[in-house]
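*Asks:* For reference, the chains in residue letters:
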Amino acid sequence: MKHRTFLKNHKLELHSFRIRLAIGGAFAVILFLVLASRFFYVQVAQHNHYQTLAEANRISIVPIVPNRGLILDRNGVILAHNYSAYTLEITPSKVDGLEATIDELAKIIEITSKDRKRFKKLLDESHNFESQPIRTRLNEVEIARFAVNRYRFPGVEIKARLFRDYPLAELASHAIGYIGRINDKDLDKLEENEEIANYRGSDHIGKIGIEQSYEKQLHGITGFEQVETDSGGKAIRTLSRTPAVSGDNVYLAMDTRLQAVAEKAFGDFRGAMVAIDPHNGEVLAFVSQPGFDPNLFVDGIDSASWDALNNSPDRPLNNRALRGLYPPGSTFKPFMALAGLELGKRTPSSTISDPGYYMLPGSSHRYRDWKAGGHGSVDLRKSIVVSCDTYYYGLANDMGIDNIYNFIKKFGMGSKTGIDIEGEVSGLLASQEWKKRRFKQRWFPGETVITGIGQGYTLTTPLQLAFATSLLANSGELFPPRLVRAIQDSKSNLIKNTSSQPLEKYDFKPENLKLVREAMIDVNRPGGTAVAAWLNAPYLVAGKTGTAQVVGIKQTEKYVASRVQERHRDHALYIAYAPADDPKIALAVLVENGGHGGSTAAPIARKVMDFYLLGKLPNEPKISTEAAAVEEHADD
Amino acid sequence: MIKRFFTRLTLHIDGFLFFSLIILMAMGLIVLYSASGKSPDRIISQLINMGVALTVMWVIANIPPQHLLRLAVPAYTLGLLLLISVALFGDISHGARRWLNLGFTKIQPSELMKLAAPLMLAWYFNRYETNLRLKNYAIAAILLLIPVGFIARQPDLGTSLLITASGFYVIFLAGLSWRILLGIFAAIGASLPLVWSVMHDYQRQRVLTLLDPSQDPLGAGYHIIQSTIAIGSGGIFGKGWLKGTQAHLDFLPERTTDFIFAVFAEEFGLVGNILLVTLFIIIISRGLLIAANAPTLASRLLAGSITLTFFTYAFVNMGMVSGILPVVGVPLPLFSYGGTSMVTVLLGFGILMSIHTHRKLVRT
Numbered sequence: 001m002k003h004r005t006f007l008k009n010h011k012l013e014l015h016s017f018r019i020r021l022a023i024g025g026a027f028a029v030i031l032f033l034v035l036a037s038r039f040f041y042v043q044v045a046q047h048n049h050y051q052t053l054a055e056a057n058r059i060s061i062v063p064i065v066p067n068r069g070l071i072l073d074r075n076g077v078i079l080a081h082n083y084s085a086y087t088l089e090i091t092p093s094k095v096d097g098l099e100a101t102i103d104e105l106a107k108i109i110e111i112t113s114k115d116r117k118r119f120k121k122l123l124d125e126s127h128n129f130e131s132q133p134i135r136t137r138l139n140e141v142e143i144a145r146f147a148v149n150r151y152r153f154p155g156v157e158i159k160a161r162l163f164r165d166y167p168l169a170e171l172a173s174h175a176i177g178y179i180g181r182i183n184d185k186d187l188d189k190l191e192e193n194e195e196i197a198n199y200r201g202s203d204h205i206g207k208i209g210i211e212q213s214y215e216k217q218l219h220g221i222t223g224f225e226q227v228e229t230d231s232g233g234k235a236i237r238t239l240s241r242t243p244a245v246s247g248d249n250v251y252l253a254m255d256t257r258l259q260a261v262a263e264k265a266f267g268d269f270r271g272a273m274v275a276i277d278p279h280n281g282e283v284l285a286f287v288s289q290p291g292f293d294p295n296l297f298v299d300g301i302d303s304a305s306w307d308a309l310n311n312s313p314d315r316p317l318n319n320r321a322l323r324g325l326y327p328p329g330s331t332f333k334p335f336m337a338l339a340g341l342e343l344g345k346r347t348p349s350s351t352i353s354d355p356g357y358y359m360l361p362g363s364s365h366r367y368r369d370w371k372a373g374g375h376g377s378v379d380l381r382k383s384i385v386v387s388c389d390t391y392y393y394g395l396a397n398d399m400g401i402d403n404i405y406n407f408i409k410k411f412g413m414g415s416k417t418g419i420d421i422e423g424e425v426s427g428l429l430a431s432q433e434w435k436k437r438r439f440k441q442r443w444f445p446g447e448t449v450i451t452g453i454g455q456g457y458t459l460t461t462p463l464q465l466a467f468a469t470s471l472l473a474n475s476g477e478l479f480p481p482r483l484v485r486a487i488q489d490s491k492s493n494l495i496k497n498t499s500s501q502p503l504e505k506y507d508f509k510p511e512n513l514k515l516v517r518e519a520m521i522d523v524n525r526p527g528g529t530a531v532a533a534w535l536n537a538p539y540l541v542a543g544k545t546g547t548a549q550v551v552g553i554k555q556t557e558k559y560v561a562s563r564v565q566e567r568h569r570d571h572a573l574y575i576a577y578a579p580a581d582d583p584k585i586a587l588a589v590l591v592e593n594g595g596h597g598g599s600t601a602a603p604i605a606r607k608v609m610d611f612y613l614l615g616k617l618p619n620e621p622k623i624s625t626e627a628a629a630v631e632e633h634a635d636d
Numbered sequence: 001m002i003k004r005f006f007t008r009l010t011l012h013i014d015g016f017l018f019f020s021l022i023i024l025m026a027m028g029l030i031v032l033y034s035a036s037g038k039s040p041d042r043i044i045s046q047l048i049n050m051g052v053a054l055t056v057m058w059v060i061a062n063i064p065p066q067h068l069l070r071l072a073v074p075a076y077t078l079g080l081l082l083l084i085s086v087a088l089f090g091d092i093s094h095g096a097r098r099w100l101n102l103g104f105t106k107i108q109p110s111e112l113m114k115l116a117a118p119l120m121l122a123w124y125f126n127r128y129e130t131n132l133r134l135k136n137y138a139i140a141a142i143l144l145l146i147p148v149g150f151i152a153r154q155p156d157l158g159t160s161l162l163i164t165a166s167g168f169y170v171i172f173l174a175g176l177s178w179r180i181l182l183g184i185f186a187a188i189g190a191s192l193p194l195v196w197s198v199m200h201d202y203q204r205q206r207v208l209t210l211l212d213p214s215q216d217p218l219g220a221g222y223h224i225i226q227s228t229i230a231i232g233s234g235g236i237f238g239k240g241w242l243k244g245t246q247a248h249l250d251f252l253p254e255r256t257t258d259f260i261f262a263v264f265a266e267e268f269g270l271v272g273n274i275l276l277v278t279l280f281i282i283i284i285s286r287g288l289l290i291a292a293n294a295p296t297l298a299s300r301l302l303a304g305s306i307t308l309t310f311f312t313y314a315f316v317n318m319g320m321v322s323g324i325l326p327v328v329g330v331p332l333p334l335f336s337y338g339g340t341s342m343v344t345v346l347l348g349f350g351i352l353m354s355i356h357t358h359r360k361l362v363r364t
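In order, the protein sequence lines correspond to chains P and D.
Each residue of the first sequence is one higher than the one before, starting from 1 at the first, in full-length UniProt numbering.
Each residue of the second sequence is one higher than the one before, starting from 1 at the first, in full-length UniProt numbering.
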């Protein structure tokens, strides 16, 4: 070893040491310079990048969910509003042993089996990392009790949430609809409409009815809060705030009291009724019975309630007014009559002799009148008053299906009325073309014949019938029916009426309209099919009864209501408008398995019109006894 | 008599070094105040740590180096025994067996070894000063690697590497030939794959994370990513004292201890960093000067090793926090919160002061 010689030399040894020390020092300085260049790179060259990252780290955008707009009736009665309540929520992903946790929770806060079932359903529909309410509307005692035990329940928390409430419960439920939790389908739709951003933080969305179709107005605009957060996402302070814009309030044309009268008038019957102001298309009452309690859906419906609603033979979730398809039956006749006059196929004075049936030329098939033996000599006016089938068999045949189709479709049958809620069905007004498309078959003359009395293929909804009636009442001005009358802007508080301009005006000849109207007035007079319902009515009503077959009857059989199962009985129909000389209300009533229009449907119309025109609440016993007394000769 | 005693005591404090250290500690305290979220408890506790550590420094500074060297063998032996005890009976915390529970207190023998190992090597080289052979270097290396092996097994990679470094500085300064040095480095390079194979998973993960922190942004890479964001977002002049968002919003882990430098860099920026590095360089320069002027081989080696180890601590910490070195759990000397490290570092400076202030008494 060379340096062994240096060791003896203290000076050289010290020199060697100092050199190595200097090398050590230089090494340190070089490494510090490396460090400094790293600092320069990170703090100067990459500063903006890290600045952005730091901002992203600390600022998170917290959505502020807007208050949902109210739904009110035309008089300001609240049909849907919000209230704040405390909910007990569980985030499944943060809990080990969900069942055990719920069992433990149940020891301090009441959790019913219904709550559990509803919670399970919510879990099935949602993601594991979202907190879901197991109990809503906690009271003070429950909140306090949980607060004390909070430490035992990681992943469980109490949140304040806004809840939708429908104070009138089942009233007008099919018109108002309900909101429910946003599901994947809703999300897809929101995404498609590029509205998804506005739903950050929103749990609920309108599912049916007004809640659905006016979702855009009711929801409002989501606000944002820039919140400084720590790494755990805990908010430290608010940096900026863009307040949410509450949803607009929606005023319905509906009069809640009228609606209540109408719903009550149905008693235990299932059915539907739509009442329209013929001057503007405003829907004054919109009934589909039975209804349901929309409140059940707000927190997520439990499976038992859902099954009860969904499997009920009464089908309470079915919106009969909007989606129920029924043959219009004899209510079709006034429109046919007007068609006959307008198209010159009939004159007011031309009469037929009714033997009680109709036969097509060259055929032996008898198209029976509802009255065996017939009505004798029948002109157009009488054909409506007594609801003569034979007259319309002949008229239909004379007109031909193309003329019927082209004229009647003006009244909105067979197509959607364009009412402002979703889910409307178009019904069916048969035509040759339709039949070819549907059955790949040509049209038979016999089919035209039965179309004349509103049977055959023809299917209408109660809404369509009401719409057609209002068109008749206002002499041909076409206003699409609207449930919503006005919208109150949440910012300015200004109430703005929604448009009521007619879409189209049909020029029916006044004398033709007058004739049909007078005949319809006589329907409600002695000798008419609805006389029983209108005894002592202080205003003139134009109406028409109808019956829709539920089961077919053989040529040789006679329909006897008492022999037929209740569910197979005919549906009763009635359309009307009043006052006949200055129509303020037009309506259509359908009573499922109600038998004859005159005995079950017309009395409902009477109660609704009495209340609407006279402000008179129905006097139950009086009307029902009188109706019973005259039912014998009031037939259809 | 008493007055003379005290005068002598004060004389053994190196003023230049002392004030530099005080400035560094004051800066650390200011950053700690911010990093701890203005916690007075932390500040008081750290002030107590400083008081204890300064007292230890002062006491050590008054023990002449030759007396200190007498402590080398007992300290080393005790340290080794404690390390063996730890391996046999140590408490496990965070998956590592580092602490020895004495009932009334817990001690971490690796801290003692940080000073005992270089002291032992300095004592050893001093003993064979006149006739250093390759054999002596080999023995020194073995003396060093025995405790390092125990500490590495705890596992405490950071501390074992730092002790290796402090021992290596002694061996290097003692004059190990360059050829052998090169050979050792070549051997280390060649044995890296072997080292990789005996590493713990989390240690490997740390190395991998260093290469690409974004690989595991919420796991092992989180520390580095967040501290780099803190440093980078500080910019040239920093966000200002108490205004570091990364630090105050809880994104920085261990921000009062190992990662306190990120808080400093975020709040004081590049300017602050350069100032801090300059201060470290000043202190290190003073230490190297003391080493260069030390009278005996042992004191020279010890002073050089302590100084370069101090540098290593500072560099490794800042390097790991700024993302150029793996996260190995090394505190920033005199900045990071904690009593043990404070005492260890100032004890080292006590030795430096002792060497410096006693140099004339020893010179022969």
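Where hints are given, some of them may not hold.
Stated by the list, open to error - Calculated cross-link-like contacts (lysine-lysine; reagent style PhoX-like; alpha-carbon spacing at most 25 Å): (1) P:Lys94 x P:Lys107; (2) P:Lys491 x P:Lys509; (3) D:Lys360 x P:Lys234; (4) P:Lys11 x D:Lys38; (5) P:Lys382 x P:Lys416; (6) P:Lys491 x P:Lys409; (7) D:Lys243 x P:Lys234; (8) P:Lys11 x D:Lys243.
Just so you know, the hints here were simulated from the structure itself, not pulled from any lab data.
*Asks:* Hints the structure violates: just list their numbers, smallest first.
*Replies:* Numbers 2, 3, 4, 5, 6 and 8 - these are the hints that the structure violates, sorted from lowest upward.
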